[in-house]
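Undergrad: Residues per chain are reported as follows:
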Amino acid sequence: MANQALPQPRLKGPQPVVKQEVKKRLNPLVKSSDGVLADRVFGWIIFGCALVVLAILALIVWQLVSRSQASWHAFGWKFFGGQDWDPVNDQYGALPFIYGTLVSSILALVIAVPLSVGVAVFTTEMCPKWLRGPLSFTTELLAAIPSVIYGLWAIFVLVPILRNYVQPFLAKTLGWTGLFSGPPYGIGMLAAGIILAIMVIPIISSIAREVLTVVPQHQREAALALGATRWEMIRIAVLRNARAGIVGGVILGLGRALGETMAVTMVIGNRPEIAKSLFAPGYTMASVLANEFSEAAGDLYLSALIEIGLALFLVTIIVNALARFMVWSVTRGQPARARA
Amino acid sequence: MGVGIQVEHVNAWYGKSQALHDINLKIEANHATALIGPSGCGKSTFIRCLNRMHETTPDARVEGKVRIGDLDAYNGTSPTQLRRRIGMVFQKPNPFPTMSIYDNVAAGLKLNGYRDRKHLDEIVEGSLKSSALWDEVKDNIHKKSGASLSGGQQQRLCIARALAVAPEVLLMDEPCSALDPISTGKIEELIFELKAQYTIVIVTHNMQQAARVAEYTGFFLLGRMIEYDKTEKIFTNPSDKRTEDYITGRFG
Amino acid sequence: MASLRGLVPDPTATPGVLQISLWRRLKDYLATAFAISTVVIVLAPLVAIFGYLVYRGIGSLNLAFLTQIPKPPGELGGGMANAIAGSALILAIASLIGVPLGIGAGIYLAEYGQNRFGDSVRFVSDVLNGVPSIVIGIVAYAIVVLRQKHFSALAGGVALAIMMVPTITRTTEEMLLLVPNVLREAAYGLGVSRWRTTLSIVLRTATSGIITGVMLAFARVAGETAPLLFTAFGNQYWNWKLDQPTAALPLQIFTYAISPYDDWHRQAWAGALVLIVLIVSAVAAVRYAVRRGTLGGVA
Numbered sequence: 001m002a003n004q005a006l007p008q009p010r011l012k013g014p015q016p017v018v019k020q021e022v023k024k025r026l027n028p029l030v031k032s033s034d035g036v037l038a039d040r041v042f043g044w045i046i047f048g049c050a051l052v053v054l055a056i057l058a059l060i061v062w063q064l065v066s067r068s069q070a071s072w073h074a075f076g077w078k079f080f081g082g083q084d085w086d087p088v089n090d091q092y093g094a095l096p097f098i099y100g101t102l103v104s105s106i107l108a109l110v111i112a113v114p115l116s117v118g119v120a121v122f123t124t125e126m127c128p129k130w131l132r133g134p135l136s137f138t139t140e141l142l143a144a145i146p147s148v149i150y151g152l153w154a155i156f157v158l159v160p161i162l163r164n165y166v167q168p169f170l171a172k173t174l175g176w177t178g179l180f181s182g183p184p185y186g187i188g189m190l191a192a193g194i195i196l197a198i199m200v201i202p203i204i205s206s207i208a209r210e211v212l213t214v215v216p217q218h219q220r221e222a223a224l225a226l227g228a229t230r231w232e233m234i235r236i237a238v239l240r241n242a243r244a245g246i247v248g249g250v251i252l253g254l255g256r257a258l259g260e261t262m263a264v265t266m267v268i269g270n271r272p273e274i275a276k277s278l279f280a281p282g283y284t285m286a287s288v289l290a291n292e293f294s295e296a297a298g299d300l301y302l303s304a305l306i307e308i309g310l311a312l313f314l315v316t317i318i319v320n321a322l323a324r325f326m327v328w329s330v331t332r333g334q335p336a337r338a339r340a
Numbered sequence: 001m002g003v004g005i006q007v008e009h010v011n012a013w014y015g016k017s018q019a020l021h022d023i024n025l026k027i028e029a030n031h032a033t034a035l036i037g038p039s040g041c042g043k044s045t046f047i048r049c050l051n052r053m054h055e056t057t058p059d060a061r062v063e064g065k066v067r068i069g070d071l072d073a074y075n076g077t078s079p080t081q082l083r084r085r086i087g088m089v090f091q092k093p094n095p096f097p098t099m100s101i102y103d104n105v106a107a108g109l110k111l112n113g114y115r116d117r118k119h120l121d122e123i124v125e126g127s128l129k130s131s132a133l134w135d136e137v138k139d140n141i142h143k144k145s146g147a148s149l150s151g152g153q154q155q156r157l158c159i160a161r162a163l164a165v166a167p168e169v170l171l172m173d174e175p176c177s178a179l180d181p182i183s184t185g186k187i188e189e190l191i192f193e194l195k196a197q198y199t200i201v202i203v204t205h206n207m208q209q210a211a212r213v214a215e216y217t218g219f220f221l222l223g224r225m226i227e228y229d230k231t232e233k234i235f236t237n238p239s240d241k242r243t244e245d246y247i248t249g250r251f252g
Numbered sequence: 001m002a003s004l005r006g007l008v009p010d011p012t013a014t015p016g017v018l019q020i021s022l023w024r025r026l027k028d029y030l031a032t033a034f035a036i037s038t039v040v041i042v043l044a045p046l047v048a049i050f051g052y053l054v055y056r057g058i059g060s061l062n063l064a065f066l067t068q069i070p071k072p073p074g075e076l077g078g079g080m081a082n083a084i085a086g087s088a089l090i091l092a093i094a095s096l097i098g099v100p101l102g103i104g105a106g107i108y109l110a111e112y113g114q115n116r117f118g119d120s121v122r123f124v125s126d127v128l129n130g131v132p133s134i135v136i137g138i139v140a141y142a143i144v145v146l147r148q149k150h151f152s153a154l155a156g157g158v159a160l161a162i163m164m165v166p167t168i169t170r171t172t173e174e175m176l177l178l179v180p181n182v183l184r185e186a187a188y189g190l191g192v193s194r195w196r197t198t199l200s201i202v203l204r205t206a207t208s209g210i211i212t213g214v215m216l217a218f219a220r221v222a223g224e225t226a227p228l229l230f231t232a233f234g235n236q237y238w239n240w241k242l243d244q245p246t247a248a249l250p251l252q253i254f255t256y257a258i259s260p261y262d263d264w265h266r267q268a269w270a271g272a273l274v275l276i277v278l279i280v281s282a283v284a285a286v287r288y289a290v291r292r293g294t295l296g297g298v299a
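Chains as they are written, first to last, in the working numbering: chain A, 1 to 340; chain B, 1 to 252; chain C, 1 to 299.
Hints in this document: simulated from the structure, not taken from any laboratory. A couple of the hints might just be wrong.
Some chain A residues flagged as far from chain C (calculated, every beta-carbon gap over 12 Å) [to be verified]:
1. GLY43
2. TRP62
3. GLY76
4. LYS78
5. ASN89
6. VAL110
7. LYS172
8. THR177
9. GLY182
10. ALA275
11. ALA280
12. PRO281
13. SER329
In silico lysine-lysine, DSBU-like type, Cα no more than 35 Å apart, as pairs [to be verified]:
14. LYS186/B x LYS26/B
15. LYS138/B x LYS110/B
16. LYS78/A x LYS149/C
17. LYS129/A x LYS27/C
18. LYS172/A x LYS27/C
19. LYS143/B x LYS186/B
20. LYS26/B x LYS241/B
Just so it is clear, CB atoms sit at the ideal spot from N, CA and C, and this is done for glycine as well.
Take these sequences, add in the hints, and give me the full structure.
TA: This is the structure in structure tokens:
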């Protein structure tokens, strides 16, 4: 049974010769370094690179905390409640900036969320196949536009439109709410909110799209089989399942809006005041840093600015961590990555 | 020329679970030895203990003694040095996709610092001839990538790659299980020719293949080696009832 | 599940035919109309921005713009050549620092990092991605500008490098994990040492993906202004020295845009057009190369 059926082995002519030569030359190879030392060195270098990532975060925390100590000792918690931002007299209160950051970001979300979810729903549920690619490409393109170009466009195109058409219209129709009163400068909280909304839509809608796609097809089919219209199917089977993830995407957008600097600085008016009307100019934490940091003379001034930076840092970290957790719980471990 | 392998009291673990229990074995030089047994019985684990590949799995552990020729595999040498004297062919052909056929065959030498270009050409040609691939690719060895060949050709390329470093032992872990019958036949012929110069250990779950190709056969079951003897004896007159049950297809 | 009342067929209706009331159909149409209108509203600014960039920018885009440095405020003419060059310098510094670090950290995570330390690096990397760029500017200011006592291209490069590292780390890890393990085993089986395997086999196979990640990180920081505001700071003249304030394209656009001079506004549009063309072509080139597989690698 074993080897009887097979033919006699055929030895090829040149083979043993080549084999001999290889044998001879291979001795140096066999004796050559087995790379144990090199492996160790390589391992340490690579480990060092990974350590640098941790070190960067530690560095950020260390610098922000240590350099804001002067301001912290001078004002304590009152720093975050004070409304007076007076570099001349070395009095610093950060409330106007906190207010401006929150209001502009929330306004941005109010505008952006329905639009983002609408785009996401359209792309995943209603869009004809040939349109899907170009559509997602263009939304990604929106995310690639630098902030300063958004700002440039906002100053010269958005603001005049607001000043000449939108703001008078809003004042006439909704002025009674108190949100749309005061002179229509164009520049102000409303402009900041709108440009921020445009900037966070790509983020929210791309996460929403990811989360909507993960909803299993059989959920949709179950609803349709019961006789639901397409909108009902989306509402019942898709949106409900994806709710946590979409909220996560919204919070991620919030995180981006909170830290957004250039476009906001260019249209918010840069006045450290708290006002009810959205027409009024305002100031955000990121904007005051952008405008005043390079000229800050005096240690307390700089320290106060850095304390604002620290606050901004902490807030965005918490918001982003919350967002990632919510998205992760829906998509199971694929981290949310806003494409460039 | 091939060398014999002496295995004494080898035990192996994946984390907490023990995969091999007290394996003792003497593999003859310049012969082909087949290891058979049902899935999960430890034959792949065993073969990977011979060239210390088992320890590349996280949490894996080996105890015992393995002597390759006169070399103590676990105490006398680093894993890297050991593996240069033992060639391995895997279940699924795995040529390096970014390299040409030539570079694939030469990889074991070039990546280990061998620089002699003139002799590299000869070695590559010799290895490709030894693995019966030369005639099919000789016009393209620099241009075609390793991954552009058919399954059977890729496996022969992997064999050539393993042979290029002139090992003394060739380990083959189910080398034909991913291939069609014609390619399988070609490779079995190859093994038959190669055993004149190398010691071959081949893991297979195809008993007919073991019968065709190997002089010695070892039967593994649940991490233990039940029986090890001349192939003829195993297949015609096994000593252990479990071997007989497996051979006759009562389980497996 | 939401109320199914509306979906259950009306038993008093024509037998065998499912009635979908007019109201429900109307809601469906409205929802579809809403969704389509959101797409239009969202795409409108995109079209508007690109349109305006071309419309306002193309007229001012001439050879003088690309080769001359700015004229003093109030005088007409001049260009942004120094800003384009300055951006190139700062980005080169940032890449030299950030790319090796990012790839190294990515190699660690993929090849050595299946442990708690690796998990913490991944977590921190994701956290760093969300830090506002102006905060990173503050840190770079603190560690470079305060030491050197002046603004510098190096400080700007460090700030942008810090922004590149987390992105490159994660994409490198992702790409390396895609390399099938059997390739590593094949190399080990040949007696190739671990470091050689990692570099010559694993890294080599994942090259195209890693380059994609690097280019995307590059395109992202190329347009950043905030971290340069008080690191590189800007400069009206040419500068090639690492330790002097340097102009950068996004910075120049910002300065000109908020200035009171019409001529500078005009140049801001031209600069913005140059910037967006560079960024979009980098992103498009990467997508094209990846799709065509011209860089080889794992299928």
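Undergrad: Against each hint, give a clear statement of whether it holds in the structure.
TA: Status of the hints after comparison with the structure:
no.: 1; hint: GLY43; verdict: violated (7 Å)
no.: 2; hint: TRP62; verdict: violated (9 Å)
no.: 3; hint: GLY76; verdict: holds (21 Å)
no.: 4; hint: LYS78; verdict: holds (22 Å)
no.: 5; hint: ASN89; verdict: holds (23 Å)
no.: 6; hint: VAL110; verdict: holds (14 Å)
no.: 7; hint: LYS172; verdict: holds (22 Å)
no.: 8; hint: THR177; verdict: holds (23 Å)
no.: 9; hint: GLY182; verdict: holds (23 Å)
no.: 10; hint: ALA275; verdict: holds (22 Å)
no.: 11; hint: ALA280; verdict: holds (19 Å)
no.: 12; hint: PRO281; verdict: holds (14 Å)
no.: 13; hint: SER329; verdict: holds (15 Å)
no.: 14; hint: LYS186/B x LYS26/B; verdict: holds (28 Å)
no.: 15; hint: LYS138/B x LYS110/B; verdict: holds (20 Å)
no.: 16; hint: LYS78/A x LYS149/C; verdict: holds (32 Å)
no.: 17; hint: LYS129/A x LYS27/C; verdict: holds (24 Å)
no.: 18; hint: LYS172/A x LYS27/C; verdict: holds (31 Å)
no.: 19; hint: LYS143/B x LYS186/B; verdict: holds (25 Å)
no.: 20; hint: LYS26/B x LYS241/B; verdict: holds (22 Å)
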